[in-house]
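Based on the provided sequences and hints, a complete structural model is requested.
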Amino acid sequence: MPTQTVDVASVDEIPEGKVKTVTADSLRIALCNYGGTIYAIDDVCTHDGGPLGQGELEGKEIECPRHGARFDVTSGQVTALPAVRPVRTYPVHVSNGRIFVDLSS
Amino acid sequence: MARRSASCRFHALRSAAQPDEKTPGWRRLSLAGLDLRAPTPVPTSFEYWAAEDDLKRGLVVCSLATALGTHEDAIREAIGMEHHGKSVGRYAAIAEAAWQNGIFVFAPEGFEASEPIRIDVTAGTYPRVVIVARAKSKLTIAETHRESERVSAGVVDVMCGEASHVHYAHVQDCAKTSSVFSHQRATMARDSKLVSLNFGIGGRLARTDVEVELRGEGAESDMLGLVFAEDQQEFDYRTLQGHRSPNTRSDLLFKAALDDRSHSSYTGVIIIDRGAQRSDAYQANRNLLLGEGARADTEPMLEIEADDVRCTHGATVGPVDEEQLFYAESRGLSPDQGARLIVEGFFQEVFQKFGRPSVTEPLSGMVAPHLERVGAS
Amino acid sequence: MATQAKTLVDKDYKYGFRDQTDSYAFKARKGIDHDIVEQISLMKKEPQWMRDFRHRSLDIFFAKPLPPWADLEALGQINFDDIYYYMRASDIEGKTWEEVPEDIKRTFDRLGIPEAERKFLGGVPAQYDSEVVYHSIRKDLEAQGVLFSDMDAGLREHEDIVREHFAKVIPPADNKFSALNSAVWSGGSFIWVPPGVRVDIPLQAYFRINAESMGQFERTLIIAEPGSFVHYIEGCTAPTYSSNSLHSAVVELIAKEGAHIRYTTIQNWYKNIYNLVTKRAIAHKNAHVEWVDGNIGSRLTMKYPSVYMVGEGARGDVLSIAYASEGMHQDAGSKMVHAAPNTTSIITSKSVSKGGGRTSYRGLVKVYEGCDGVKSNVRCDALLMDPESRSDTYPTMEIDAKNVRIEHEATVSKVGEEQLFYVMSRGMTEVEATTMIVNGFFEPFVKELPMEYAVELNRLIALEMEGSVG
Chain A
1 MPTQTVDVAS VDEIPEGKVK TVTADSLRIA LCNYGGTIYA IDDVCTHDGG PLGQGELEGK
61 EIECPRHGAR FDVTSGQVTA LPAVRPVRTY PVHVSNGRIF VDLSS
Chain B
1 MARRSASCRF HALRSAAQPD EKTPGWRRLS LAGLDLRAPT PVPTSFEYWA AEDDLKRGLV
61 VCSLATALGT HEDAIREAIG MEHHGKSVGR YAAIAEAAWQ NGIFVFAPEG FEASEPIRID
121 VTAGTYPRVV IVARAKSKLT IAETHRESER VSAGVVDVMC GEASHVHYAH VQDCAKTSSV
181 FSHQRATMAR DSKLVSLNFG IGGRLARTDV EVELRGEGAE SDMLGLVFAE DQQEFDYRTL
241 QGHRSPNTRS DLLFKAALDD RSHSSYTGVI IIDRGAQRSD AYQANRNLLL GEGARADTEP
301 MLEIEADDVR CTHGATVGPV DEEQLFYAES RGLSPDQGAR LIVEGFFQEV FQKFGRPSVT
361 EPLSGMVAPH LERVGAS
Chain C
1 MATQAKTLVD KDYKYGFRDQ TDSYAFKARK GIDHDIVEQI SLMKKEPQWM RDFRHRSLDI
61 FFAKPLPPWA DLEALGQINF DDIYYYMRAS DIEGKTWEEV PEDIKRTFDR LGIPEAERKF
121 LGGVPAQYDS EVVYHSIRKD LEAQGVLFSD MDAGLREHED IVREHFAKVI PPADNKFSAL
181 NSAVWSGGSF IWVPPGVRVD IPLQAYFRIN AESMGQFERT LIIAEPGSFV HYIEGCTAPT
241 YSSNSLHSAV VELIAKEGAH IRYTTIQNWY KNIYNLVTKR AIAHKNAHVE WVDGNIGSRL
301 TMKYPSVYMV GEGARGDVLS IAYASEGMHQ DAGSKMVHAA PNTTSIITSK SVSKGGGRTS
361 YRGLVKVYEG CDGVKSNVRC DALLMDPESR SDTYPTMEID AKNVRIEHEA TVSKVGEEQL
421 FYVMSRGMTE VEATTMIVNG FFEPFVKELP MEYAVELNRL IALEMEGSVG
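Chains as they are written, first to last, in this note's numbering: chain A, 1 to 105; chain B, 1 to 377; chain C, 1 to 470.
No lab work stands behind these hints, which were simulated from the structure alone. Misleading hints may appear alongside valid ones.
Okay, derived cross-link-like pairs now, DSS-like style, lysine-lysine, Cα gap no bigger than 27 Å in a straight line [as the list claims (entries may be wrong)]:
1. Lys60/A <-> Lys285/C
2. Lys193/B <-> Lys136/B
3. Lys18/A <-> Lys60/A
4. Lys366/C <-> Lys285/C
5. Lys139/C <-> Lys44/C
6. Lys44/C <-> Lys168/C
7. Lys22/B <-> Lys366/C
8. Lys30/C <-> Lys285/C
9. Lys168/C <-> Lys366/C
10. Lys56/B <-> Lys193/B
11. Lys353/B <-> Lys193/B
12. Lys30/C <-> Lys44/C
13. Lys353/B <-> Lys136/B
14. Lys60/A <-> Lys64/C
15. Lys18/A <-> Lys168/C
16. Lys20/A <-> Lys366/C
17. Lys353/B <-> Lys138/B
18. Lys168/C <-> Lys20/A
19. Lys22/B <-> Lys20/A
20. Lys271/C <-> Lys139/C
21. Lys168/C <-> Lys64/C
22. Lys136/B <-> Lys56/B
23. Lys18/A <-> Lys285/C
24. Lys285/C <-> Lys105/C
25. Lys60/A <-> Lys168/C
26. Lys138/B <-> Lys56/B
27. Lys271/C <-> Lys285/C
28. Lys366/C <-> Lys64/C
29. Lys64/C <-> Lys22/B
For the chain C half of the interface with chain A, some residues (derived, Cβ under 10 Å), not all of them [what the hints assert, rightly or not]:
30. Asn175
31. Tyr308
32. Met309
C-beta atoms are modelled at their ideal positions from N, C-alpha and C, and glycine is treated no differently.
Okay, structure coming up:
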């Protein structure tokens, strides 16, 4: 299956422990820097449908600012209620300081 | 003068942002691909029909423009009542400012119509209907909508005079690309009886407010609703049973059959004022899920301030009942035939409660082709 | 009533540069800020992560608004600056029996509350005899490997277990009051049950009384490992007085695979108290959580015990009663979230309003997509005793799966004249008859209570009905 990989940002834009939201192909994506590695998840909290990207990263967990739901950005799994469904993750690869997100799945 | 200020209001209201999934009260609706901006007024095309004999005996059925010349007081009274229309909101407000053509139905005191009055709306953006039933009159009205506008918003006012009996059916069979807003309000005087039916099968998005104010003692309201949804249709109904006087009774039954990925959202409010003692209010919402992606939301609400009342509400959501299916199969029907029969029965209860077969039979006919697609799984 | 947004006043707090010595002098004062939060945490000798958690929660508390859908007329009367958020027993010196309201003392008489208990219920610090009971039960629990202590001790002695589960069910940002509790919590219970262990005797809150902060902001965490069972009871039917009018507890229950937790609460707070509680359980595969909840006191109680069913076959039950008399509003309900197939929820809510009291039921049944085989049944009944009283119900259902069975039914009525006539024709007075009918109405709840509570509750209802007739 052909990959649909999009160049979304430069690595410099996301310091360690920070989150940046980008739009790729009409999808809102939150790029999270955990321990130096960039992870990409949907910028949508599965609890209330609002943006996740405004939340803070604590270790590898991102916390939704509205009700405190948490997701592990490396796997998308829920780590704190009130969210119950995992958030979608996207494969990421970095090349020449640019971040590429694979949107094909 | 009134028309000029209406025009200002229209432009002011119209320029406000259109609602989306983030707007309170719109969260669970799928609005993809819909342009919900209030449209420029397009004159409504109505066809109406009443028995020749009834018209000779005093029944009035004419355009609102004509009626303003002869029955201005009655019209003012009807449209002057206070109403809330929470889900329809600004669309109703715009409709009130922008309507150009409308229908007026008037039954004088003691008048009993011999046949139902039919109103067919075939085109237009802001259909307006005013129905006034004077004391002790009896009439049946069937209002059918077949517009294919991008957006239409209609307002209906019904005034039930003392001891009158009104049967009102509102049939929505608009184009499957339309967004249809409807605000229907009824004010009931002492000892009056209103049986209303909202039948929805068309539109891509249909958002309706039905409010009944039982103002006079002894008033009785039967509110019926029936929706058959498929594809990605969205039906959003909000009803209000407002008990303002003692000894009033209301009984609401709203049913929705949802196929494919359609969605029904029902909010039903029963308010019983402090002084409305010995009132009874019932409300039932039944949702039948036929498609894997079908969804139903229901929010029945009670605000009760009188104590000597009886008030019950209930809601159910589920697929075709397995036991009923099994029973049908044991009678030699295939699973699909069984399912269709059960769905038909689901509707029949509502049609029977409305009575008036000349009005409900065509509705059964409208559902029939959609039933073909219903299967057991 | 306005809370000002305050940020950390001194970065030193955040990095723990302050001295953590025993001689740290805490001065009880009204109002809440990062200074007080820091002191609470230091006095309890908490690990840095909990201190940081409290500070972050306080910021969230300041930023969040009051819930717009709530009874703002009542809530709006809370003056957040005029409350003590933390007091130790030594700060409550000088509080005497004389200060306790007369009507409470009268009820103690009528209910036959023992002398020793009266002082405690009146909010007067006193040694409580139950400590003896507590110690003997502790021995049995230790033999089974069950951990049961107050939350402060739980954090100190079992930090790993606490850290793994704390605030995962109710995060501070969930709502304004869970944020407040997260910042100033003190006391509450910590229970951990090992896999496969059944705790046969109900564990009761008053086994581990903690006079600190008079139970204002309790934080309870119960973890039932796979296949275990525990029943926890808190509160009491006797009227309970507290000079601190804001109570905001957080209760988190974690029922792992096949575990069963039953949590019983009865509260009868005096009518000056705002009782705003967040209670939620997470139920994993085949786990079962039951909330048995009695609300008979307080000026305003807001409480919606919930179960999030995230594993197949999980089950959530709520059985609740609410009683509101003059000047009271019981705003209760439940949230059942079905996030896995073949899960079941049953909610039974019964409420009685009298003399202008108001009861509300607010509920949500939510079924996520793909969750077939879900069954949910909600039944709310409300009894209005007179024309001044009020009852509201606001249940919501959001159903996104097809092969489910969701039912909801609610009724509102008054004590029927025929019913009353029939009972009185058996020789009872109107008060006795009304009492019997209300008792019958509450019976499904009362029969789930341990004997002493049931007896006391019935006596209390009789007292209340006396005031309602005539």
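Practice task
If any of the earlier hints don't hold here, list their numbers in rising order.
Solution key: 8, 16, 20, 23, 24, 27
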